[in-house]
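Enquirer: So the chains spell out like this:
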Amino acid sequence: MSDQITNILLVGVGGQGILLASEILSETFMLAGFDVKKSEIHGMSQRGGSVVSHVRYGREVFSPIVPEGEGDILFGFELMETCRALPLLKKGGKVVANDLRIPPPSVLMGQETYPDGLADRIRSQFPDLLLVDGQHLAMEAGNPRVANTVLLGAVSKRIDIAETYWLSALEKLVPKKALEVNRKAFMLGRDL
Amino acid sequence: MQEIFSGNEAIARGAHEAGVRVASAYPGTPSTEILENIIQYKEIDASWAPNEKVALEVGIGASFGGGRALVAMKHVGVNVAADPLFTLSYTGVNGGLLLVVADDPEMHSSQNEQDSRNYAKFAKVPMLEPADSRECKEFTRLAFELSERYDTPVMLRSTTRISHGKSIVELKEPVTGLPAPKLVRNAAKLVMLPGNAKVRHPLVEERMAKLSRDGAALPFNRLELRDTRMGVITSGVCYQYVREVLPGASTLKLGMVHPLPHDLIREFAAKVDRLYVVEELDPFIEEQIKAMGIAVTGKEILPICGELTPGRIRKAFGLPSAETSAMEKLPGRPPNMCPGCPHRGVFFALNQLKAYVTGDIGCYTLGFLPPLSAMDTCICMGASIGNATGVVKVVGEEERKKVVAVIGDSTFLHTGINGLMDMVYNNAPATVVILDNRITAMTGRQENPASGFTLMDEPAQRIDFPLLCKALGVKHIRVVNPLDLEETRRVLQEEMERPEPSVIITDKPCVLIKREGVFTKGPVYQVNAEQCTGCRACLKIGCPAIEWQPGEGKKGKAFIDPLLCTGCDVCRQLCKFDAIGRSK
Ligand SMILES: Cc1ncc(C[n+]2csc(CCOP(=O)(O)OP(=O)(O)O)c2C)c(N)n1
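Chains A and D are the protein sequences, given in the same order. For any residue, its number in this note's numbering is found by taking its place in the first sequence, counting from 1, and adding 9. For any residue, its number in this note's numbering is found by taking its place in the second sequence, counting from 1, and adding 419.
It is worth saying that the hints were derived from the structure and are not from the lab. There's no promise every hint is true.
If the Cβ cut is set under 7 Å, some of the chain A residues that face chain D in the computed set are [said to hold, decoys possible]:
#: 1; residue: 67
#: 2; residue: 71
#: 3; residue: 121
With a cut-off of at most 30 Å between alpha-carbon atoms, the simulated DSSO-like pairs for lysine-lysine come out as follows [what the hints assert, rightly or not]:
#: 4; chain 1: D; residue 1: 591; chain 2: A; residue 2: 185
#: 5; chain 1: D; residue 1: 773; chain 2: D; residue 2: 889
#: 6; chain 1: D; residue 1: 933; chain 2: A; residue 2: 185
#: 7; chain 1: D; residue 1: 812; chain 2: D; residue 2: 889
#: 8; chain 1: A; residue 1: 103; chain 2: D; residue 2: 734
#: 9; chain 1: A; residue 1: 181; chain 2: D; residue 2: 461
#: 10; chain 1: D; residue 1: 461; chain 2: A; residue 2: 185
#: 11; chain 1: D; residue 1: 748; chain 2: D; residue 2: 734
#: 12; chain 1: D; residue 1: 773; chain 2: D; residue 2: 959
#: 13; chain 1: D; residue 1: 540; chain 2: D; residue 2: 608
#: 14; chain 1: A; residue 1: 181; chain 2: D; residue 2: 591
#: 15; chain 1: D; residue 1: 812; chain 2: A; residue 2: 100
#: 16; chain 1: A; residue 1: 193; chain 2: A; residue 2: 103
#: 17; chain 1: A; residue 1: 181; chain 2: D; residue 2: 933
#: 18; chain 1: D; residue 1: 591; chain 2: D; residue 2: 461
#: 19; chain 1: D; residue 1: 933; chain 2: D; residue 2: 1003
#: 20; chain 1: D; residue 1: 540; chain 2: D; residue 2: 617
#: 21; chain 1: D; residue 1: 601; chain 2: D; residue 2: 543
#: 22; chain 1: D; residue 1: 940; chain 2: A; residue 2: 186
#: 23; chain 1: D; residue 1: 748; chain 2: A; residue 2: 100
#: 24; chain 1: D; residue 1: 821; chain 2: D; residue 2: 1003
#: 25; chain 1: A; residue 1: 185; chain 2: A; residue 2: 166
#: 26; chain 1: A; residue 1: 193; chain 2: D; residue 2: 933
#: 27; chain 1: D; residue 1: 690; chain 2: D; residue 2: 734
#: 28; chain 1: D; residue 1: 748; chain 2: A; residue 2: 103
#: 29; chain 1: A; residue 1: 185; chain 2: D; residue 2: 940
#: 30; chain 1: D; residue 1: 543; chain 2: A; residue 2: 186
#: 31; chain 1: D; residue 1: 933; chain 2: A; residue 2: 186
Okay, the calculated beta carbon distance ranges per label pair [what the hints assert, rightly or not]:
#: 32; chain 1: D; residue 1: 939; chain 2: A; residue 2: 13; range: 47 to 55 Å
#: 33; chain 1: A; residue 1: 100; chain 2: D; residue 2: 421; range: 33 to 41 Å
#: 34; chain 1: D; residue 1: 881; chain 2: A; residue 2: 115; range: 33 to 41 Å
#: 35; chain 1: A; residue 1: 172; chain 2: D; residue 2: 742; range: 30 to 38 Å
#: 36; chain 1: A; residue 1: 145; chain 2: D; residue 2: 978; range: 16 to 24 Å
#: 37; chain 1: A; residue 1: 122; chain 2: D; residue 2: 505; range: 50 to 58 Å
#: 38; chain 1: D; residue 1: 940; chain 2: A; residue 2: 181; range: 26 to 34 Å
#: 39; chain 1: D; residue 1: 686; chain 2: A; residue 2: 167; range: 42 to 50 Å
#: 40; chain 1: D; residue 1: 900; chain 2: A; residue 2: 124; range: 33 to 41 Å
Owing to the predicted nature of the structure, the values given are computational and were not obtained by experimental measurement. The beta carbon of each residue, even a glycine, is placed where N, CA and C say it ideally should be.
Based on the provided sequences and hints, a complete structural model is requested.
Expert: What follows is the structure in structure tokens.
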């Protein structure tokens, strides 16, 4: 194993299920034999605010937070939040983003508009962008609520870890009765 | 066996492995999950106390009875629990006692960023500071041995990054063979009257001196020599940042931050050319090292305010940082009350009445944000009522009618009740609104003495707020449905006019309560686009389920997201054009 540490950032809106996704990532890395650290802020952010979760793995990981500008992969659950987190990413970093817009309060109230062309703005700085229609693919998997798992599948393709570890982590952390549809969603994302 | 645990999960596991019998706490970010996780270990009697002082007193009782006890709180909770803490330092313990305190540098979810290490020094108790989840578990386990061996309460300090960070933990079996708790009388040690306390104080001083001398031998502090041109003394999560940013530097990693191991510090200082302290918040270690006559660099280069990060440490040491892409200018995303939240209507009415609102801490503090914008003060839990009493004492008769204290159910029971006692006793003519949503919502929905259930999910006696207020001597007590805007506004106005203390209690549950039969979602609402005139009146409550849709060239209209609407009916009451109604 090299001393290389891989830095993953998960961003979105409170209540979107970011914590579960980051748990599945961490569990996968532990099962694959790596040291893992993860950090995020709960609390106020649960009431619809921005959420950022940091996951790092490697031979030995010290800091639980990703140093500014050193993110390898940005896993965005919402477009504007993905854009907001770009300064955390290193040059040439990869982005997997859900093609979803959740209007913040100022937009709901008609005081500001949701910015246009976010995907292009992301792509102009980070050409390695995969935009995923998570909601649509989740329906295809059989449940609109598994969009996160579709995205996770897409992210997994960008990380060099065998499929079996991903599937074991899913099995451990997803409730039994939802496992089959999540597995299907994960594979749909992985095949993108 | 290995698990990925948060610091809080690891502390709970450590309590289990240490044979803890009693755990008591009051919720507070980032400490809350310690007790929420401890309940999986069935041998531990775990409970929510109404405030941190009571939590510590319960822990003290359990310790005196001979059982090991864990008490947990957020940093500001120690202010509330400080009174018993300082004297507990004199009595010492019987069963080991650990007070876990979770600090919040950067104030991710707090009203200040006080540094709890000062309490350890002030109260003269040892304090441990773990640097990851593995140490959270190990230190928790060891803390009880330390507590019993040195006859002292022990504090364990975590921070948001430790409590809510996750890392790998190795699980062990619980200890066995601890003595069975039983009543032991020892008045000279446990009754702190002046005569007895005078005997105890010198023992406290001796204990702390001994702990400092033993600091090199205790399993908490670790000297790691690498390149000796640079030596860094650090602790907690900062140790991880230092290893990341300055991998070549020698480190003295302190796992016990009070009392400091003077001999070890001298030894380390003698071995390195330049000495630094990297610590979050106050120059706590730095000042003590300077007082030892050792030259050290710390806060000259590192910030006192906010948390440290690898980037901030890099900057302090003049190291290059990674190049980052430009920050986009984007609309912000502040937190907001949930769709259907029963607090919303109250703040809408307070805004309309131009009330001067002395606020308090909970989800309802979000009533400060636009468009509700109805909060004028917020200090600490329970402060709203005393603040209102003080304001009405100084302003004139017309202005006094504007003064309203708002306080949540959990906060009222925490420390608000004393304020109300004072308001009635000293006859201060202000209005108090108790926002009873039947839960401690802000910290993630914990049960409390007015919710009807315990932490262990057992049915409990529920406090009757009107009866309680009556017993305190309040003569004017009104119960309102906060989802009825007209009623809420009318009752508020009547009570604000009244030149006597009065209490209004709102009676609608939090929409996030999952327990059956408490909150039920009503039929959702929709906007009839033909009747909507685009007047924007419904936007004034800031409900996340209502979205303004600008019209292409035409007038815009409101839209209600059926997935978010809970059917609370508040927006319908605001529409003058009958454009909002139940979906068919
Ligand atoms: C001394 C202290 N302890 C704990 C906290 C953390 N805290 C903030 S708000 C809150 C509870 C609020 O509950 P409640 O008053 O019922 O209002 P709700 O959030 O339900 O609206 C807690 C425990 C704190 N800020 N200060």
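Enquirer: Compare the structure with each hint and give your call.
Expert: A quick look at each hint next to the structure:
no., hint, verdict
1, 67, "violated (11 Å)"
2, 71, "holds (4 Å)"
3, 121, "holds (5 Å)"
4, D:591 x A:185, "holds (28 Å)"
5, D:773 x D:889, "holds (28 Å)"
6, D:933 x A:185, "holds (20 Å)"
7, D:812 x D:889, "holds (23 Å)"
8, A:103 x D:734, "holds (26 Å)"
9, A:181 x D:461, "holds (23 Å)"
10, D:461 x A:185, "holds (24 Å)"
11, D:748 x D:734, "holds (24 Å)"
12, D:773 x D:959, "holds (15 Å)"
13, D:540 x D:608, "holds (22 Å)"
14, A:181 x D:591, "holds (21 Å)"
15, D:812 x A:100, "violated (60 Å)"
16, A:193 x A:103, "holds (24 Å)"
17, A:181 x D:933, "holds (24 Å)"
18, D:591 x D:461, "holds (17 Å)"
19, D:933 x D:1003, "holds (26 Å)"
20, D:540 x D:617, "holds (19 Å)"
21, D:601 x D:543, "holds (28 Å)"
22, D:940 x A:186, "holds (25 Å)"
23, D:748 x A:100, "holds (19 Å)"
24, D:821 x D:1003, "violated (42 Å)"
25, A:185 x A:166, "holds (24 Å)"
26, A:193 x D:933, "holds (29 Å)"
27, D:690 x D:734, "holds (26 Å)"
28, D:748 x A:103, "holds (21 Å)"
29, A:185 x D:940, "holds (27 Å)"
30, D:543 x A:186, "violated (53 Å)"
31, D:933 x A:186, "holds (20 Å)"
32, D:939 x A:13: 47 to 55 Å, "holds (52 Å)"
33, A:100 x D:421: 33 to 41 Å, "holds (35 Å)"
34, D:881 x A:115: 33 to 41 Å, "holds (40 Å)"
35, A:172 x D:742: 30 to 38 Å, "holds (34 Å)"
36, A:145 x D:978: 16 to 24 Å, "holds (21 Å)"
37, A:122 x D:505: 50 to 58 Å, "holds (56 Å)"
38, D:940 x A:181: 26 to 34 Å, "holds (32 Å)"
39, D:686 x A:167: 42 to 50 Å, "holds (48 Å)"
40, D:900 x A:124: 33 to 41 Å, "holds (40 Å)"
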